[in-house]
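There are 2 protein chains.
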Amino acid sequence: MNFIRLFGMKTGQVTIHDIARMLDISASTVSRALSGNTRISRATRDKVKMLAEKLNYQPNVVATNLRTGKSKTIGIVVPHINRNFFSNVIGGIEQTASNAGYRVIITQTHELYEKEVENIRALINARVDGILVSVSGGTKTYDHFNQVKKRGIPLLFFDRTIDEIETGRVMIDDFRAAYKAVKHLIDEGFKHIAHFAGPQHINIYRKRLGGYQEALKESGLSMNEDFIFFDNLTEEKGWKATEKLMKLKNRPDAIFSASDISALGAIKYLKEHGFRIPEDMAVVGFANEPFTSIMDPGLTSVEQKGYLIGVGVASLFLEEIMQSAEARQFRKVIIEPELIIRKSSLKKSR
Amino acid sequence: MNFIRLFGMKTGQVTIHDIARMLDISASTVSRALSGNTRISRATRDKVKMLAEKLNYQPNVVATNLRTGKSKTIGIVVPHINRNFFSNVIGGIEQTASNAGYRVIITQTHELYEKEVENIRALINARVDGILVSVSGGTKTYDHFNQVKKRGIPLLFFDRTIDEIETGRVMIDDFRAAYKAVKHLIDEGFKHIAHFAGPQHINIYRKRLGGYQEALKESGLSMNEDFIFFDNLTEEKGWKATEKLMKLKNRPDAIFSASDISALGAIKYLKEHGFRIPEDMAVVGFANEPFTSIMDPGLTSVEQKGYLIGVGVASLFLEEIMQSAEARQFRKVIIEPELIIRKSSLKKSR
DNA sequence: CGCTGCCGGTAAACCGTTTTCAACCTCCTA
DNA sequence: TAGGAGGTTGAAAACGGTTTACCGGCAGCG
Chain A
1 MNFIRLFGMK TGQVTIHDIA RMLDISASTV SRALSGNTRI SRATRDKVKM LAEKLNYQPN
61 VVATNLRTGK SKTIGIVVPH INRNFFSNVI GGIEQTASNA GYRVIITQTH ELYEKEVENI
121 RALINARVDG ILVSVSGGTK TYDHFNQVKK RGIPLLFFDR TIDEIETGRV MIDDFRAAYK
181 AVKHLIDEGF KHIAHFAGPQ HINIYRKRLG GYQEALKESG LSMNEDFIFF DNLTEEKGWK
241 ATEKLMKLKN RPDAIFSASD ISALGAIKYL KEHGFRIPED MAVVGFANEP FTSIMDPGLT
301 SVEQKGYLIG VGVASLFLEE IMQSAEARQF RKVIIEPELI IRKSSLKKSR
Chain B
1 MNFIRLFGMK TGQVTIHDIA RMLDISASTV SRALSGNTRI SRATRDKVKM LAEKLNYQPN
61 VVATNLRTGK SKTIGIVVPH INRNFFSNVI GGIEQTASNA GYRVIITQTH ELYEKEVENI
121 RALINARVDG ILVSVSGGTK TYDHFNQVKK RGIPLLFFDR TIDEIETGRV MIDDFRAAYK
181 AVKHLIDEGF KHIAHFAGPQ HINIYRKRLG GYQEALKESG LSMNEDFIFF DNLTEEKGWK
241 ATEKLMKLKN RPDAIFSASD ISALGAIKYL KEHGFRIPED MAVVGFANEP FTSIMDPGLT
301 SVEQKGYLIG VGVASLFLEE IMQSAEARQF RKVIIEPELI IRKSSLKKSR
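As you go down the protein sequences, you meet chains A and B in turn.
In this text, residue positions in the first sequence follow this note's numbering: the first is 1, and each later residue adds one.
In this text, residue positions in the second sequence follow this note's numbering: the first is 1, and each later residue adds one.
You may find that some hints are simply not true.
Intra- or inter-copy, both count: the list cannot distinguish identical chains.
[As the list claims (entries may be wrong)] Below 30 Å or equal to it, Euclidean Cα-Cα: the simulated DSS-like pairs (lysine-lysine) are:
1. K49 / K140
2. K249 / K140
3. K207 / K72
4. K54 / K140
5. K183 / K240
6. K183 / K207
7. K268 / K207
8. K150 / K70
9. K150 / K47
10. K271 / K343
11. K271 / K240
12. K268 / K343
13. K343 / K191
14. K149 / K343
15. K305 / K183
16. K115 / K54
Honestly, the hints are just simulated from the structure, not real lab data.
Predicted model, so just to flag it, every value in this text is computed and none were measured.
Build out the structure end to end from the sequences listed, making use of the hints.
The structure is reproduced here in structure tokens:
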């Protein structure tokens with residue numbers, strides 16, 4: 001008759017104490033044996049491991065977390081989970097993290113400052129080992145981020161970053177992306193290039209405008225104030241801006257839009273009014289949304305490499321926790337954007 | 001001179017012991033006071049709460065989890081995070097869960113059976129309070145799911161379910177969705193309707209085929225074997241299938257595709273060969289991918305309501321944990337699909 | 001022979017809560 | 001005055017691991 005009772009019977013979970021009792025050794029020996037500690041003899045280690053295997057022992061990570069103060073979990077804060085770009089980033093993070101034995105907790109802010117503060121608080125609370133953030137549009141103050149740093153929790157930014165806070169960060173080079181896009185248009189022979197810019201209080205849109213200007217300047221092309229539209233990120237705004245452009249006496253021959261969706265608006269206007277793309281007007285967008293490859297003509301656009309950004313920021317995190325909190329240095333990874341060239345900007349026949 | 005030392009100084013975390021010491025009461029009293037236990041006098045409760053507030057006390061959830069056996073976390077297992085449909089589902093789950101005070105851990109299987117088993121094991125290990133799964137394409141056996149049930153952890157399926165396992169589940173009615181789509185085509189006056197079906201060993205594609213057949217039968221329309229293509233979910237396959245269809249002597253006047261992407265292939269073929277949509281051939285897709293609204297003509301498609309499915313499955317989970325494990329009953333929620341009608345299927349002028 | 005060092009292991013503290021079981025005080029009643 | 005009853009509180013035992021401190025035995029060495 002078997003009178004050995006398993007501790008964890010109610011939960012169906014075997015504990016190291018069960019194994020210890022069955023082998024008539026102490027729980028600490030079991031713990032060490034399982035972690036491969038060489039202080040335990042090979043013989044004992046093997047015995048323990050075999051029994052653990054047989055009983056399908058699963059360590060209680062919650063107990064481990066409590067004791068070690070580490071949770072093997074990283075928290076993510078993004079504006080929206082279900083945006084193509086962000087879900088790609090998350091995919092990359094999850095992949096990298098899970099390979100390194102980390103779990104991933106996801107939270108979304110819906111661009112709300114309050115939600116961001118709350119999510120950060122909840123993640124600190126959950127004792128995550130690191131927090132990866134793409135900053136919400138509505139973020140006003142940085143106190144919640146400083147809290148994270150003060151607690152010694154690795155904090156990293158991706159895509160939407162805050163310069164004032166010293167952290168590791170991963171983003172694409174928006175300046176260079178814009179430069180590349182405009183340079184491509186110039187190389188194709190377009191000389192009068194309009195720009196749909198985003199709101200200039202946001203970092204990345206300022207940089208995209210800068211890259212646009214730089215490319216023009218470098219090629220000695222004039223800049224026309226009438227060719228630049230701000231706050232232009234919807235399809236409708238893109239449509240209307242294009243309408244205005246086409247009614248100018250000397251109209252441009254190309255548009256570089258800081259977003260795919262307003263580029264789509266432009267293309268719809270052009271098609272509706274019988275203009276040919278790219279002969280009458282070339283269009284380049286930004287973000288390489290899935291629909292850009294599906295449109296007719298295909299929309300040339302800047303691939304932001306969300307997956308790669310995710311892999312990058314997760315790797316940076318892993319790197320950071322290897323170092324002691326003091327020796328920590330904050331790396332900045334800039335990912336080279338890629339211009340995906342499609343028919344909407346190819347003038348020359350090749 | 002202040003000689004009170006906080007326990008958690010290294011981590012910057014205040015514990016109930018710190019509060020207890022400062023107020024010269026016991027930790028258990030603090031714990032009870034904070035949880036609003038009426039056994040503690042109003043006066044003491046207020047004192048504790050005020051000090052906790054002042055010190056910005058944050059309970060260590062890991063300790064709570066260990067003690068209570070609950071983690072206030074739910075695990076999600078999906079094939080891919082960065083698929084429009086799934087990221088919508090996840091968005092819905094996160095929203096609902098976080099409102100109820102639950103965190104969400106995400107894992108992806110990449111359609112791999114082994115990954116699914118591993119993820120499930122890791123989630124059990126992390127002591128999640130529930131596991132929500134959309135089954136991987138490669139899943140062969142169900143042992144890992146039974147493990148979850150045996151452990152008493154609530155298991156729920158969404159979208160891709162397994163009939164053999166008794167769980168709560170949320171999905172859309174694929175039969176009805178297909179029926180609606182085909183009925184719509186019939187109502188528009190189309191009489192010869194082809195179908196791009198998916199692989200029939202997968203549940204949902206069988207049902208879509210069924211709905212298609214039912215609608216035809218109901219309207220007394222004949223079914224033509226040549227009009228049905230299996231294993232047809234890529235753009236290229238859609239293109240080729242359409243080519244075959246158009247070369248038939250008596251060709252169909254409409255296509256109902258079980259996926260948007262193969263519908264896109266169809267539309268590309270039609271446009272390239274000068275056929276008009278929907279006059280020469282109407283097309284209806286499935287999934288309502290973002291690009292369907294952007295195409296020209298817009299592609300009529302079935303909206304799967306990912307967000308709603310997410311909300312639904314999370315709500316079902318919350319419902320389930322309210323009940324005792326024995327009294328548990330498994331609800332099945334079928335979400336009514338919606339047909340989003342666009343130009344690609346509108347024959348009549350309105 | 002006495003000292004040192006290593007090997008293999010144990011006992012107990014610890015992580016921060018929750019919860020069980022009492023204890024204590026005061027007031028009230030028999 | 002003894003004995004509840006009721007209202008507050010505390011000590012200690014969990015939860016399941018990890019880690020520190022320590023111990024007995026044995027080999028090596030001067």
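Here's how the hints hold up against the structure:
With identical chains, the CA atoms of K49 and K140 are at most 30 Å apart between copies only, with a shortest distance of 29 Å across copies and 53 Å within one. Proximity of K249 to K140 under the C-alpha cut-off of 30 Å is found in neither arrangement, the shortest distances being 43 Å within a copy and 66 Å between copies. With identical chains, the CA atoms of K207 and K72 are never at most 30 Å apart, being 36 Å at best within one copy and 42 Å at best between copies. Proximity of K54 to K140 under the C-alpha cut-off of 30 Å is restricted to the inter-copy arrangement: shortest distance 24 Å between copies versus 55 Å within a copy.
For the homomeric pair K183 and K240, the shortest alpha-carbon distance inside one copy (25 Å) is at most 30 Å, but the shortest distance between copies (38 Å) is not. For the homomeric pair K183 and K207, the shortest alpha-carbon distance inside one copy (15 Å) is at most 30 Å, but the shortest distance between copies (51 Å) is not. Taking identical chains as interchangeable, the C-alpha atoms of K268 and K207 lie at most 30 Å apart only when both belong to the same chain, with a minimum of 27 Å there against 37 Å between chains. Within a single copy, K150 and K70 get their C-alpha atoms as close as 17 Å, and across copies as close as 29 Å, so both meet the 30 Å cut-off.
When the C-alpha separation of K150 and K47 is checked against a cutoff of 30 Å, the pair qualifies only between copies, where the shortest distance is 27 Å, while the shortest distance within a copy is 45 Å. In the homo-oligomer, the alpha carbons of K271 and K343 lie at most 30 Å apart both inside one protomer (14 Å) and across protomers (16 Å), since each shortest distance falls under that limit. Taking the closest pair of Cα atoms, K271 and K240 come within 30 Å of each other both inside a single copy (14 Å) and across two copies (28 Å). Proximity of K268 to K343 under the C-alpha cut-off of 30 Å is found in both arrangements, the shortest distances being 15 Å within a copy and 15 Å between copies.
Taking the closest pair of Cα atoms, K343 and K191 come within 30 Å of each other only inside a single copy of the chain (18 Å); across copies the shortest separation is 37 Å, beyond that limit. For the homomeric pair K149 and K343, neither the shortest alpha-carbon distance inside one copy (47 Å) nor that between copies (53 Å) is at most 30 Å. Taking the shortest alpha-carbon separations for K305 and K183, only the intra-copy value of 20 Å comes in at or below 30 Å, while the best inter-copy value is 41 Å. With identical chains, the CA atoms of K115 and K54 are at most 30 Å apart between copies only, with a shortest distance of 22 Å across copies and 46 Å within one.
Violated hints, in rising order: 2, 3, 14; the structure is consistent with all others.
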